[in-house]
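Quick one: dock chain against chain with the hints and give me the complex.
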Amino acid sequence: MDHSSLAGRIFRGIALALVLVFFMFPIVWILLMSFQSNEQILRIPPRLLFEPTLANYEALISGQLKTAAGNLQLTFMRNLMNSFILSSASVILALLLGVPAAYAFARFKFKLGETIAFTLLSFRFAPPLLVLLPLSLYYQQLGLNDTYFGIVWVYQLIALPLILWIVRGYFEDISPDIEHAYRLAGHSWREAFTRIAVPLAGPGIAAAGLLSFIFCWNNFVFALILASADKQPVTVGALAFVTASGIQYGQIAAAIVLSVTPTLLLALYAQRYLVEGLSLGAVKG
Amino acid sequence: MARLELTSVDKSFGAVSCAKGVSLTVEPGEIVAVFGPSGSGKTVLLRMIAGMFEPDGGDILVGGRSIVDAPPEQRGIGMAFQNFALFPHMSARDNIASGLRATGAADIATKVAAMSRLLKIEHVLGHRPRELSNGQKQRTALARALIGNPEVLLLDDPLRNVDAKLRYEMRLELPSLLRRSSAAVLYVTQDYREAMAIADRIAVLINGRLVQVARPEEIYARPASVAVARLFGDPSINLSEVTPVVEQGRLTAAVAGTLIRLDAGELSSAMRERCWLGVRPGDVVVTRHGGEGAIPARIVAVTPIHERAVVLLRFADGSEWLAALAPEALEAGADDDVFVRFAPEAALLFDHASGDRIGLSPRRQAA
Chain C
1 MDHSSLAGRI FRGIALALVL VFFMFPIVWI LLMSFQSNEQ ILRIPPRLLF EPTLANYEAL
61 ISGQLKTAAG NLQLTFMRNL MNSFILSSAS VILALLLGVP AAYAFARFKF KLGETIAFTL
121 LSFRFAPPLL VLLPLSLYYQ QLGLNDTYFG IVWVYQLIAL PLILWIVRGY FEDISPDIEH
181 AYRLAGHSWR EAFTRIAVPL AGPGIAAAGL LSFIFCWNNF VFALILASAD KQPVTVGALA
241 FVTASGIQYG QIAAAIVLSV TPTLLLALYA QRYLVEGLSL GAVKG
Chain H
1 MARLELTSVD KSFGAVSCAK GVSLTVEPGE IVAVFGPSGS GKTVLLRMIA GMFEPDGGDI
61 LVGGRSIVDA PPEQRGIGMA FQNFALFPHM SARDNIASGL RATGAADIAT KVAAMSRLLK
121 IEHVLGHRPR ELSNGQKQRT ALARALIGNP EVLLLDDPLR NVDAKLRYEM RLELPSLLRR
181 SSAAVLYVTQ DYREAMAIAD RIAVLINGRL VQVARPEEIY ARPASVAVAR LFGDPSINLS
241 EVTPVVEQGR LTAAVAGTLI RLDAGELSSA MRERCWLGVR PGDVVVTRHG GEGAIPARIV
301 AVTPIHERAV VLLRFADGSE WLAALAPEAL EAGADDDVFV RFAPEAALLF DHASGDRIGL
361 SPRRQAA
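Protein chains in written order, with the working numbering: chain C, 1 to 285; chain H, 1 to 367.
No lab work stands behind these hints: they were computed from the structure. Each hint should be verified, as a subset may be incorrect.
Claimed, not checked - In silico SDA-like pairs for lysine to any residue, Cα to Cα no more than 20 Å straight-line:
1. C/K111 with H/G14
2. C/K109 with H/S12
3. C/K109 with H/R47
4. C/K109 with H/A353
5. C/K111 with H/E54
6. C/K109 with H/V16
7. C/K111 with H/F53
The following block holds chain H by itself, in its conformation from the complex (with noise of 0.2 Å):
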């Protein structure tokens, strides 16, 4: 099989840049997501992979061989697409055979057949795509997509369209189905948490430029900046601004008017004039005892949430912060007053101008 390789790829429509310099590497067997808010430029970038743009520069090797100039039924990729593209005219055996049958293959019937048992859809083949629920549709396009054995598999939001209860099932069982395959997949996702349970890298792409290529826990424990830190995590990362100083050897920053210490780290390399400071919601504590970096604050409300109790916390300067914790650790309600703290070494520091983080805290190891 064929590693996929982009090499500094531009591409820009009039004035509206879609990728500046997307360099990214995907092994064969191996599942990138790509991530980023909508209009990021993640779309964009599978259809160049894909032959429906041409990048404005940089090159994109298949197995070390450029495929730029090659239209797209030589490329040897398949895809799903968001919008499933089904061929509405045929049934859903004909939609998956038809990669097949463009290649003379032998067998198509044997292998579309085990394919569809792979995916449960082997009592749907006969219908026509507008038969189909949007989960069977779903299913039928990354059969046809997976059929062919492409050595490039692209999926564009595959799961954007279907029912939560069958997105979670599709995130357990997709990871294993694409890894059968032994091909280069590269995932688009709008969603961190799908993102997270498919993907053995995140490519995190913002505005066109990739912003962070690392390992889900990694990107989560570090991330390279402030916009990478908010898109992952739901409630978001809490931020505040803070100007970190020395106090008896020791980091500290001033959060709300309480001197916080912060983990000892390469002081000087936080020395800055602001920082942004965040923690983020599930590392953030609420109690009723005060003490040594206890931040005084006053519960807004309650929100229950899943199995968590998301709270909105408001210090005595009016800046406010989220805490998502279980109910049952929760010992106070909507008016009450409360202290707020975090493990030092669950805070974050970014640099106010850029938004890169400051190497400070190693945090939670990376797995």
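Bound conformation, chain C alone (with noise of 0.2 Å):
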């Protein structure tokens, strides 16, 4: 293909505006929607041009949501709060048990070792909705119900797989002759682990975090099912926003925007490392 003919520049140019149209206008419409009035956005036909307000954004923050129907209490900085809690909470405990079981399953060949390596990877096969009823009459048994250790455990089956799968390609990709040039140099495999393999595989551990970061954020059954709502993230919190006088087309293109916003610089400031990271190999020095 010819990339400098101006034939070929101008229809490369409409194919990619194309993309970023098709994959860019809900992200665009929502913020536009955010900062208008229901009205505003019910109105047919919509218009680009309008008068922007926060109050939408008051509303969520102030968690008083003004309705046809009257004053409705709104939870949703503390969902908020709630999808921090959880989503780092569960990175940061899958990271601990999945970054050593990661270095175990890459570095030592032992008795079943692919098999339960391949079982965990199957917790991210099966539909969350196939174990969400035992997992809740479970969850009440055992006292977890409603707690923040009860779903940071849960979201384990969401993060634990991805990091522990991400980050033993790496292990993989480092050769072990680094780590017994340390070894051999005094140091014992604790620090061989500490110092040479976790630096080494920074980037493909830093990627796996966020992913699952990002995937447990997004996490929706778990939480609607196990917590209430006081421990409820933001992906359930939005739920408030059907009311019984209508849907708050405002409210949720704010909140949509704000839950939105944290992964999404997470992940704008992290791109280097995610492309780097994802892409196998990438680490040899």
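Dropping the structure here:
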């Protein structure tokens, strides 16, 4: 294909623009909606020019939702906080458990090793709905229902396999000789792990951590069933906008913008690591 | 300093046997090259000493003390790897100092400076491994292995990945460098020239077995078997199947139809059904003049290699030999008919079945 011909360049430009519009339009539209009142949003035909309002954000942050049927209490900010707590705690726990496990799977061949690793991965195949009912019964028996710990634990189903399998690939890419050399220089295997293997797999660990954070953040069903209002993340909290007097599109849009922003910023910041980290083999020294 | 001893060490991975009853002693200050074709178990042997693999049987002793159960960091071993295995996230300086830091040694900076001066890498100490040339990487890896003053030094084909010029330089430099440390040195290589240039003794490893351990000149002059003879020498030794007979009280053998007198020795031991006769290309003389003991041949091709001409010769029976000689000593060109001679003492005889050398010709005195 001739990239330099004028027709080719125009065609490429149009194609790229179409793809960009297709993917960016919903996000831009939501952003615009978040600055409009419900009446402005429901106007037909919709207009691009409008008088922006911050009422939606005010309502979310103050927790007071004014509807035609009266004032409603919103726990959105609390939900947002819960999302942070749950996702961060889950990723930290999954890293603490998953990185050493990934190292073990990468470096040592042991009985049932592959089976265990695959079983852990298979947690990602099973639809969450399949395990939800028994899980909620167990949780009620164990008293884990509606606790941060309980949700963080169940989020390990999401985060742990991801971290385990991505980071394992990274450890496998590091020449074992580098660790052997470090041990022969007089260091224990623990030091070889923390000072050689972990720093060298750093980009991979960062990428895996980031991905699992986003997956945890986006989770809906586990928190819906296993937690009550004061422990629920934004994904579940957004349900509150479907009120008796109608759907609060403006607030939903503002809530989406607020809840997407942290992961979006995180992904943008870590984009370099993500690309570097997800293309295996990039860590070779 | 301590001596390194291996006593009948065995190791196999599944059905593949990598070491069969390997026994070897390396004195402090001695350099022993472990030489053999690829896949002969050289690296596995080194890794068992370093503690990366556990031997299935036998024992490994340093200074009379078994190290088989000790973790690698407590074995007092320095090692340089074929792929360098530098720590990519540390500067050359930190790479070299890593061993000293672990033991909490004093004067780390002074020692690193002295070692890097010795290896001529002072100017790159601040660089990361990826910014170093292969030669510099290799010197950094050597410095890292040497700096802790280990009792045993293991070098796994350290010159494999550096360019030819540097390899020649390092072959000259390494022996004195290694002797400074008075460690027991095991040096793995796939290059017989490197083994001969660097080592005090060469241990030839074939399929997990030590087939000969001797001084370099002795291995070259008196290889224990056909396999060893083939490994030493480039171009490799010419081999012809012969059946020695006694004629007029002399041991003779027919090579390509011409009776050749062999060195007199213990005739009885050479009176076998069939033998391999080996003559190194460098011992083959190509002349235009016939006479007793001259085998008629035709020059098929002449290839100049380095300062030598390698001549491919074909005998009347179709078998081929190589001769390596100075170009000015060659009186003929391709397609010319010539005669081939060799001194009786240059001929090596090997048992046809076992491949073992028959103790017939003492050849040159081993130095």
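Hint-by-hint comparison with the structure:
{"no.": "1", "hint": "C/K111 with H/G14", "result": "15 Å, holds"}
{"no.": "2", "hint": "C/K109 with H/S12", "result": "16 Å, holds"}
{"no.": "3", "hint": "C/K109 with H/R47", "result": "18 Å, holds"}
{"no.": "4", "hint": "C/K109 with H/A353", "result": "42 Å, violated"}
{"no.": "5", "hint": "C/K111 with H/E54", "result": "18 Å, holds"}
{"no.": "6", "hint": "C/K109 with H/V16", "result": "18 Å, holds"}
{"no.": "7", "hint": "C/K111 with H/F53", "result": "18 Å, holds"}
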